[in-house]
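Given these sequences and hints, build the entire structure.
Protein sequences, first through last, are from chains A and B.
Under the working numbering, think of the first position of the first sequence as 1, with each following residue one higher.
Under the working numbering, think of the first position of the second sequence as 107, with each following residue one higher.
Quick caveat, the hints were computed from the structure, so don't treat them as lab data.
Predicted model only: the values in this text are computed from it and were never measured.
Heads up, some of the hints might be wrong.
[Said to hold, decoys possible] Derived CB-CB ranges, DEER-like:
#1 GLY62(A) <-> GLY518(B): 32 to 40 angstroms
#2 GLY518(B) <-> LYS90(A): 33 to 41 angstroms
#3 VAL400(B) <-> LYS34(A): 24 to 32 angstroms
#4 THR180(B) <-> LYS34(A): 18 to 26 angstroms
#5 HIS189(B) <-> VAL58(A): 56 to 64 angstroms
#6 ASP365(B) <-> THR5(A): 32 to 40 angstroms
#7 SER8(A) <-> ASP362(B): 36 to 44 angstroms
#8 ASP55(A) <-> ALA425(B): 39 to 47 angstroms
[As the list claims (entries may be wrong)] Listed next, the in silico BS3-like pairs over lysine-lysine satisfying Cα-Cα at most 27 angstroms (straight line):
#9 LYS326(B) <-> LYS224(B)
#10 LYS326(B) <-> LYS273(B)
#11 LYS34(A) <-> LYS105(A)
#12 LYS90(A) <-> LYS243(B)
#13 LYS90(A) <-> LYS246(B)
#14 LYS243(B) <-> LYS224(B)
#15 LYS211(B) <-> LYS34(A)
#16 LYS273(B) <-> LYS463(B)
#17 LYS246(B) <-> LYS276(B)
#18 LYS326(B) <-> LYS246(B)
#19 LYS105(A) <-> LYS90(A)
#20 LYS273(B) <-> LYS246(B)
#21 LYS273(B) <-> LYS90(A)
#22 LYS34(A) <-> LYS90(A)
#23 LYS110(B) <-> LYS243(B)
#24 LYS110(B) <-> LYS417(B)
#25 LYS211(B) <-> LYS463(B)
#26 LYS105(A) <-> LYS512(B)
#27 LYS110(B) <-> LYS211(B)
#28 LYS463(B) <-> LYS276(B)
#29 LYS110(B) <-> LYS34(A)
#30 LYS273(B) <-> LYS243(B)
#31 LYS417(B) <-> LYS34(A)
#32 LYS105(A) <-> LYS417(B)
Each residue gets a CB set at the ideal place from its N, CA and C atoms; glycine is no exception.
The residues making up each chain are set out below.
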Amino acid sequence: MPHVTYISPDGTETTLDARDGDSVMETAVKNGVKGIVAECGGACSCATCHVYVEDAFVDAVGGPNDLEDDMLDGAESERLPVSRLSCQIKMNAQLDGLRVRIAPKQ
Amino acid sequence: MSEKILIVGAGQAGMQIAASLRDDGFAGDVTIVGEEAYDPYQRPPLSKAFLAGDMDEESLEFRNDHFYRENNITVVTGEQIQHVEFGPAGGVATGTSGATFAFDKLALTTGAAPRTLKVDGADLDGVLYLRHLDDAKNLKQRWDSVANVVVLGGGFIGLEVAAVAQKAGKNVTVVQSGPRLMARAVSSITSDFFVQAHRARGTTIHLNAQVSHLVGENGKVTAVALADGTSIPADIVMVGIGVTARGELADQLALDMEDGVIVVNEFAETSNPNVVAAGDAVLMPHPLGHEGRVRLESVQNAVDQAKVAAKTLLGQREAYSAVPWFWSDQADLKLQIAGLSSGYDQTVIRGDQSADKFSVLYYRDGALLAVDAVNDVSDYMAVRRALTARANIPAESAADSSVPLKTLITGGEAQQ
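Below, the structure is given as structure tokens:
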């Protein structure tokens, strides 16, 4: 199973095994990783699962689609070029080792 | 002896109260009791991604076993609480199995039950409701073999199922007793748009149509008969005609109720200081301080009210002030609503309805109340932010669709 590491705003790192096809959001929420709220459950409707993708994985993860792009504009924390909604990133073998920083406010 | 908190109802609100109690530092016993056979799971996808086959059962779960163990949260499934009372030694709840659960404080997150159809033939096989995972599994099991789907009720759930069925190539008919779709949630502008949009995608919609009875053969439904004589062939009939709050336990505790709905204050507190309530079964003061009380059947409310309820249980009172929001995915249309539009006296339409991308802003006395946004996330987010900051977006400037709404927010406590 691919691994994903979450870095919280205070620097705490949590590494989890992700089920292939599960989103980065789902993997975090199911395990109770703090700071990923995801009220809408992954419907790309709330912008409360905002993460910053670490540079090494930006290309592999890719950019947001139009809908996510608009949602990110309304996110609580500062939007950066590496911002993504973690509900829209599906884990797979190519993303093994992925590292994301959790946005400080959701 | 450590304090015991019992949560009755294992839906979104119940799960959130448990999680929030731990987040807020509660170290006593936390038990969630749910009548379904499953650990707490998400309901919204049942009529959307789960039905469409884009999401599996495991993906519906809110948390995994590891989370509940780690946080020392006991989840009891398959147990319906039948009786609850406060005695001299504290509270006791009794389930259908005979099991008892002692508690010091109680959270009622009992939710709502689908309103049942009351016409001849309503008990035929193939007449289905959609509230629980088992309902959704039943619907899915039949899905591939049905050609004619009739949806009774033009609310969110009915229209979502209709859209999934339409996309799957079925003949779909929606029967709505009133003149509008989603009448409780949106204005006629948005309702009318959705009538056209569903029709354009091939769904038949009957408005102002009353069901006379259901026709069956060998115990299975075969058609829906309308009062005007129309007969609509049906392999399944999906009934989505609203829900009734489940207030039986609140009634046993003699809590304040209104028409069977549990009344709480802005702290999610019932008329008994040791009992909180949250979610679909609750009537509460308007969250943005307007007059009247509201009942909100939504994920947002379940989550935000549960957080408030958890604080109240711990004596850290924080009044509910979250902006209500809702969403519904129907075909390629994403409807997002922020705020509550009831009582509006002015609307502003932005965007282009013919391009399936527009928003409707609602005002009263010049103050922004709410937005319905269709495939327009920017406008939705802008209004949500404005309402959260208790700010305004003046109607006269909002009318120009070429100007992003987020640049027009004025006043408020925390402008972006």
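Hints numbered earlier in the text: which of these fail when held up against the supplied structure? Numbers 6, 23, 25 - these are the hints that the structure violates, sorted from lowest upward.
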